[in-house]
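Asker: Protein chains in written order, with numbering that gives the first Met the number 0: chain G, 0 to 242; chain L, 0 to 242; chain B, 0 to 242; chain F, 0 to 242; chain S, 0 to 242; chain Y, 0 to 242.
Since the hints were made in silico from the structure, they are not lab data.
As the structure is a prediction and not an experimental result, all values here were calculated from the model.
One or more of the hints may lead you astray.
Where chains are identical, the list cannot tell them apart; a pair therefore holds if satisfied intra-copy or between any two copies.
[Unchecked claim] Simulated pairs of lysine to aspartate or glutamate, EDC-like, Cα-Cα distance not exceeding 20 Å:
no., residue 1, residue 2
1, Lys44, Glu189
2, Lys69, Asp222
3, Lys94, Glu198
4, Lys141, Glu227
5, Lys3, Glu47
6, Lys11, Glu135
7, Lys3, Glu198
8, Lys69, Glu47
9, Lys174, Glu215
10, Lys69, Glu241
11, Lys94, Asp125
12, Lys94, Glu123
13, Lys3, Asp125
14, Lys93, Glu237
6 protein chains.
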Amino acid sequence: MTWKEIKTILPKVQVAIIPTGSTEQHGPHLPLQSDTAFCLYICKKASEIVYPIAIVTPPISVGISTHHMKFSGSLSLKPETFIASIYDFAWSLKKHGLSKIVIVNGHGGNMAAIKVAARKIYDELDLISASLSYWELLDGGKAKEILNTYPRFPGHACEFETSLSYVIQPELVRKNQITGSDEIVSSHYEPFFAKIEVEYSKSGVSRGDPRLATPEKGRKLIDIISGEMAVFLRRFGEHGDEP
Amino acid sequence: MTWKEIKTILPKVQVAIIPTGSTEQHGPHLPLQSDTAFCLYICKKASEIVYPIAIVTPPISVGISTHHMKFSGSLSLKPETFIASIYDFAWSLKKHGLSKIVIVNGHGGNMAAIKVAARKIYDELDLISASLSYWELLDGGKAKEILNTYPRFPGHACEFETSLSYVIQPELVRKNQITGSDEIVSSHYEPFFAKIEVEYSKSGVSRGDPRLATPEKGRKLIDIISGEMAVFLRRFGEHGDEP
Amino acid sequence: MTWKEIKTILPKVQVAIIPTGSTEQHGPHLPLQSDTAFCLYICKKASEIVYPIAIVTPPISVGISTHHMKFSGSLSLKPETFIASIYDFAWSLKKHGLSKIVIVNGHGGNMAAIKVAARKIYDELDLISASLSYWELLDGGKAKEILNTYPRFPGHACEFETSLSYVIQPELVRKNQITGSDEIVSSHYEPFFAKIEVEYSKSGVSRGDPRLATPEKGRKLIDIISGEMAVFLRRFGEHGDEP
Amino acid sequence: MTWKEIKTILPKVQVAIIPTGSTEQHGPHLPLQSDTAFCLYICKKASEIVYPIAIVTPPISVGISTHHMKFSGSLSLKPETFIASIYDFAWSLKKHGLSKIVIVNGHGGNMAAIKVAARKIYDELDLISASLSYWELLDGGKAKEILNTYPRFPGHACEFETSLSYVIQPELVRKNQITGSDEIVSSHYEPFFAKIEVEYSKSGVSRGDPRLATPEKGRKLIDIISGEMAVFLRRFGEHGDEP
Amino acid sequence: MTWKEIKTILPKVQVAIIPTGSTEQHGPHLPLQSDTAFCLYICKKASEIVYPIAIVTPPISVGISTHHMKFSGSLSLKPETFIASIYDFAWSLKKHGLSKIVIVNGHGGNMAAIKVAARKIYDELDLISASLSYWELLDGGKAKEILNTYPRFPGHACEFETSLSYVIQPELVRKNQITGSDEIVSSHYEPFFAKIEVEYSKSGVSRGDPRLATPEKGRKLIDIISGEMAVFLRRFGEHGDEP
Amino acid sequence: MTWKEIKTILPKVQVAIIPTGSTEQHGPHLPLQSDTAFCLYICKKASEIVYPIAIVTPPISVGISTHHMKFSGSLSLKPETFIASIYDFAWSLKKHGLSKIVIVNGHGGNMAAIKVAARKIYDELDLISASLSYWELLDGGKAKEILNTYPRFPGHACEFETSLSYVIQPELVRKNQITGSDEIVSSHYEPFFAKIEVEYSKSGVSRGDPRLATPEKGRKLIDIISGEMAVFLRRFGEHGDEP
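If we strip away everything but chain G, and leave its shape as in the complex, we get (with noise of 0.2 Å):
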């Protein structure tokens, strides 16, 4: 969009989402900017649901990929510079009146900085804010309903990740390179460990059988997810962070 489209759109919306993901190995069948991409994706068909009340900016591309950095090619921020550049971001949106902003997260990695950014943005900057990682407005039923191999969230180049790229990326999934995930048994303390499973993983792929995946389970992800994000875009608009 051109300054004198968005100039023109501006005072009808609401809500202001920053994308962020990450560049990270995503198995070996998956690109590594995947994660930017579905969220992306998603956030861009959010809005279009719910146009003209929400406005996405470019996403955040590289996150906080430390514990994947023996993989070839993952970039990483340290977390006070991912947290600093949304922090830029949503004062540059506050420059052209914007009040609420949403960070729509599209890499576990990231999951506290992005809480630790949208608490700052609040106090500092004095803007109504809210975070959330995509996956987080899907429900675990139905997210059960659709796919063979699904935890309690998504895993790493899974059937959910490899199903989503059949839609939002087709070009780009290498489909004579996907294997199963690695049979890594972890323990329930896992979401205590600042290292997580898949660092332990040979092939980068876990927590969901990537031969499972298929556009149509992409589909009806997304479908799902969007339109959630749309009903919580409307809600956040018209009522900001009231409980």
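Got chain G sorted already, so can you dock chains L, B, F, S and Y onto it with the hints?
Answerer: Frame of chain G; chains L, B, F, S and Y shown alone:
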């Protein structure tokens, strides 16, 4: 302990625990330092169970509480300061030869920041690290057997926290000030908002009725949580962050 | 690319390119992301010419644009955040064994900061580094042969940038919105001022008449610049920063 | 105290006290937390004398102790973290309407940093501020009447500190571990050196013989110091930083 | 000057000049402080010409010279420290009511950082700001009329700088140490490299033959540059950053 | 000096001196740069006495003077910038093989910050370090023999500083502007306050009557102080920070 006593047990110590709490409003009947008191008490109890494999540092007794500043007496660190404090503790512990750190948290507002801190300690200090809020060791089902009012996790100055207080800081509970929780009906979007439910509260009590608290409930909760922490400490001490 | 594909070519890669752009007004007819799009396109084209000796990271798509904040939609990073982002990219690339980094910039407001970043990478990460804005590869004489309106370097949303757009992002050019450049006569002290000429512009167009732009001009410019970049990449890959 | 209790007395409070201590070796007979315990005890006693014009925040219980890291268990904050913690406490206190802050310090290694912090609070938060180490309130002549071994200021784990301990933390004194101070003859240039005398000590005791300590001496010292602090607090509350 | 003298002229002062230099090798015949001396001398001379509309602060006499650390005695600030120093100077000048700042630089290694600093001063302190290196005021054609060896801009410890030294610091020129410039043939890519040509030099002399320097040449150069600076200062004082 | 001259003497140099001063009001009769001038003069004199074991870097000529901003022309660094400058100087000196650093200070407002800096240099750069304000080398008794008006340490623009000025910067003393010190009776709590006595002054003169200053007194003071500094430098060079 004296430095010589520490020196004597250090060869047997496998894990250092950094407790984090808060200094913030806890309703009309609990003192500002409640979160710190709960967390420290439970950490010490767990470390006694597994003696001498875990030691406990002094708590970081002021946390991230910007959301409670409207209540008199609440103190808050900026997230950068809070994370830096944990980092410096860990740096010091490394100097004494310790290689495994667990941050045990007692305050909701610190939950994202301890994750960021734990990963920084792992990435930048090359220490094996973990982080958890002590109530994450409490099985929801068991909690509901003990408590009459318990959502998925503890509220604030609620039945849960007041029961703990009857054991941990009984002389500081203002029994004649106890009132029920404010009736705030929050949407399921609440976890996404930077502003949290209790900021809408007038009394500072939320999600659980402190009038139902008893010392017996407190003892049971403490036994379960410190027992689970002991199990975790043994596992972490022996195997570290293996999946 | 997948991590395995990167891993396969890494032994032959001599140079990593970090593209930097902006998200800021580009007149009434070009989209906010133009600088990033130009820069990324040219970097990719040049890296294809010299394949496989150079790889391109995702672009840093928001730059230092405080001087455009009066135009709706412009986003800006603080210089510290911008420099830190480049630094973290370079840190990551070093982890994968890369030793030569070139920052290729597509936005005037980043010109000083990329120099600071390149020197920091050299001093603090011990990497051989270079930085340039892509138009510095374009000989002024050749540019004037192709373009009717071209000062010493490209203007903003001008004949130069619009010609590039006809090739790089043709579907995003609002042809019916194209107007001439504002008539701002700037003194020769303009390069000294922190505030730049375009900040006085009303349309956001400066130094070059976009009405004269053509796809043919765009193709010629791109061929020259990407060709020159290819020559540079070979030289840098082989000899590094030798004089 | 609860937030309501704080709220009730706040209109009468003139001064907030931020106590700072350390967690570091205190010879073979005193616990690591001694400095913090001394400082907090004296602050509370003084604030009781002048009740309700002064309140005491939780102590910053880890200070700048890099010079004690060779002794097991010592923890240290970087000076930046220590100063930021004080700053954030003061920021919080300002939110509650307080305008006068005094940092009361209990650890030699913090002496320069509290001055920097006090001035920052004054310059950047616009609060009236003061800083002192509690022993600066003790007249040297009086100290020498009470103590047999006392240089110009307290030593470390010495007669002075051990006497305080007999009153403040009697159950934590390891009486059978008490030895005399190391015989370190330091030049009069010692105050200029970054490395301090006690870093040359083997026992961790310096400048004063703990074998001569008695509870009676401790009581006298505490009475004098807390009494002097009360006088200061009244003066500071009433007149602020007037000369 | 005394504070009262400053106070008297302040109402007539329109511009404050912050001179920046370096402390680094200047060949075998010029002192380390040459850049600072040149810059300060020219700033003072120009401010005298336009008296009293411009005042000169003390110089920042150590700049960014990491590229000269192999030569004994060179000192360097990190770019962050250098920029912060300029920023704090500007902050101070604003306190005295000044609204226009020009950073006048005397050292190549500072060129990018002064641009970043000038923009920060503009954006964050809301001051009208400019930055330039004093030789940018020297027309290339005129320079070549005066000097026998002059590339597009001054070299290092060269004919240009040595001629200035004969006027500005004649007693510090080691005449018997003067040698010709090292024969380094640098590619036209040199401006892109973080590492600069002089880092390959053995003597520390580059781009210009100091044996050809004379006091007469120095006087001419100084007259032109300080005269041009005076013109600039009048223009900046009157019109600010208007185009 | 040139880099070759430095290189020649470096093997004999044991100590590097970093002088720190201020640019701030010094009453109606002394120039803003007085503190820097005094400090640099004395450092150079002392280093000449012990030649070649000590070298002197350029001074940090703007210090922490927020308390003088009401007086025209005063400049101030933030404490972080001031400490970072000293740190970077020390980092540079280490690159040249120096291992002992002494910060010699000439301004009261820097006293706490040089201690923090010296310890950081020791902890983080692994250099042996010391810090002192030059008047700390002056025995109080001797000072009172020479001066008629001298409290425990020098005042501001007082008999002490004006006597030094008659020797160090005689041409800059405005004799006809000399007035007596303001009659400010400060409490003995003054050392605790962040705001210092001279901030209440109208003339900027405090603690000592400049009308009683003479060149003879100045010479005596300088001889004593630089002589004592020479003794210290020899001791520090030979034994470092041994007690």
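Asker: If a hint holds in the structure, say so; if it doesn't, say that too.
Answerer: Here's how the hints hold up against the structure:
1. In this homomeric assembly, Lys44 and Glu189 never come within 20 Å of each other (Cα to Cα): the closest approach is 33 Å inside a single copy and 23 Å across copies.
2. For a Cα distance limit of 20 Å, the shortest separation of Lys69 from Asp222 qualifies neither inside one copy, at 34 Å, nor across copies, at 37 Å.
3. In the homo-oligomer, the alpha carbons of Lys94 and Glu198 lie at most 20 Å apart only across protomers (16 Å), although the nearest pairing inside one protomer, at 40 Å, exceeds that limit.
4. Taking the shortest Cα distances, Lys141 and Glu227 sit within 20 Å of each other inside one copy (12 Å), while across copies they are farther apart (32 Å).
5. With identical chains, the CA atoms of Lys3 and Glu47 are at most 20 Å apart within one copy only, with a shortest distance of 19 Å there and 35 Å across copies.
6. In this homomeric assembly, Lys11 and Glu135 never come within 20 Å of each other (Cα to Cα): the closest approach is 27 Å inside a single copy and 41 Å across copies.
7. For a Cα distance limit of 20 Å, the shortest separation of Lys3 from Glu198 across copies, 16 Å, qualifies, whereas the shortest one inside one copy, 46 Å, does not.
8. In the homo-oligomer, the alpha carbons of Lys69 and Glu47 never lie at most 20 Å apart, since the shortest distance is 38 Å inside one protomer and 26 Å across protomers.
9. Within a single copy, Lys174 and Glu215 get their C-alpha atoms as close as 16 Å, which meets the 20 Å cut-off; across copies the closest is 39 Å, which misses it.
10. When the C-alpha separation of Lys69 and Glu241 is checked against a cutoff of 20 Å, the pair qualifies only between copies, where the shortest distance is 17 Å, while the shortest distance within a copy is 43 Å.
11. Taking identical chains as interchangeable, the C-alpha atoms of Lys94 and Asp125 lie at most 20 Å apart whether they share a chain (12 Å) or sit on different chains (15 Å).
12. Taking identical chains as interchangeable, the C-alpha atoms of Lys94 and Glu123 lie at most 20 Å apart whether they share a chain (14 Å) or sit on different chains (14 Å).
13. Taking the closest pair of Cα atoms, Lys3 and Asp125 never come within 20 Å of each other, the shortest separation being 26 Å inside a single copy and 27 Å across copies.
14. Taking the shortest alpha-carbon separations for Lys93 and Glu237, only the intra-copy value of 18 Å comes in at or below 20 Å, while the best inter-copy value is 33 Å.
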